[in-house]
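Engineer: Sequence:
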Amino acid sequence: MDIKVGKTVQCKANGNMEADFAGIVEKVYENSALVAITDYDTKTDRMNIQDLQNKTVVSLSKMKLKPRATKGA
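All letters in the sequence shown, in the order written, are residues 183 to 255 by this note's numbering.
FYI, nobody ran anything at the bench for these hints, they're computed from the structure. Even for Gly, the Cβ is constructed at its ideal location relative to N, Cα and C. A few of these clues could be false.
Claimed, not checked - Computed beta-carbon distance windows for the label pairs:
#1 Lys186 - Met229: 26 to 32 angstroms
#2 Lys189 - Gln235: 18 to 24 angstroms
#3 Lys237 - Asp184: 19 to 25 angstroms
What the hints assert, rightly or not - Derived DSSO-like pairs (lysine-lysine); straight-line CA-CA distance at most 27 angstroms:
#4 Lys248 - Lys194
#5 Lys248 - Lys189
#6 Lys194 - Lys225
#7 Lys237 - Lys189
#8 Lys194 - Lys237
#9 Lys194 - Lys244
#10 Lys189 - Lys209
#11 Lys246 - Lys194
#12 Lys189 - Lys244
#13 Lys237 - Lys225
#14 Lys248 - Lys186
#15 Lys246 - Lys209
#16 Lys244 - Lys186
Could you put together the complete structure from these sequences and hints?
Structural biologist: Shown next as structure tokens:
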């Protein structure tokens, strides 16, 4: 897996977030990464985002690279 700092990732819901979310990798650890959350379900996770201050640690097995948007699509 090519998870690196600065990459945008899609993450599965975990103990901190009730719905799947997207974010930008800020730091990579051995089996996880610190993710700055950029896109989330405002209905279910609004309070969670405030508590987490828009960041959470996610297992590398629970995330995948988010595909880049293509021009003209």
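Engineer: Each of the hints needs a verdict: does it hold here or not?
Structural biologist: Against the structure, the hints come out as follows:
no.	hint	in the structure
1	Lys186 - Met229: 26 to 32 angstroms	holds, 31 angstroms
2	Lys189 - Gln235: 18 to 24 angstroms	holds, 21 angstroms
3	Lys237 - Asp184: 19 to 25 angstroms	holds, 21 angstroms
4	Lys248 - Lys194	holds, 12 angstroms
5	Lys248 - Lys189	holds, 8 angstroms
6	Lys194 - Lys225	holds, 16 angstroms
7	Lys237 - Lys189	holds, 15 angstroms
8	Lys194 - Lys237	holds, 14 angstroms
9	Lys194 - Lys244	holds, 6 angstroms
10	Lys189 - Lys209	holds, 10 angstroms
11	Lys246 - Lys194	holds, 9 angstroms
12	Lys189 - Lys244	holds, 15 angstroms
13	Lys237 - Lys225	holds, 18 angstroms
14	Lys248 - Lys186	holds, 12 angstroms
15	Lys246 - Lys209	holds, 15 angstroms
16	Lys244 - Lys186	holds, 15 angstroms
Checked against the numbered hints given earlier, the structure satisfies every one of them.
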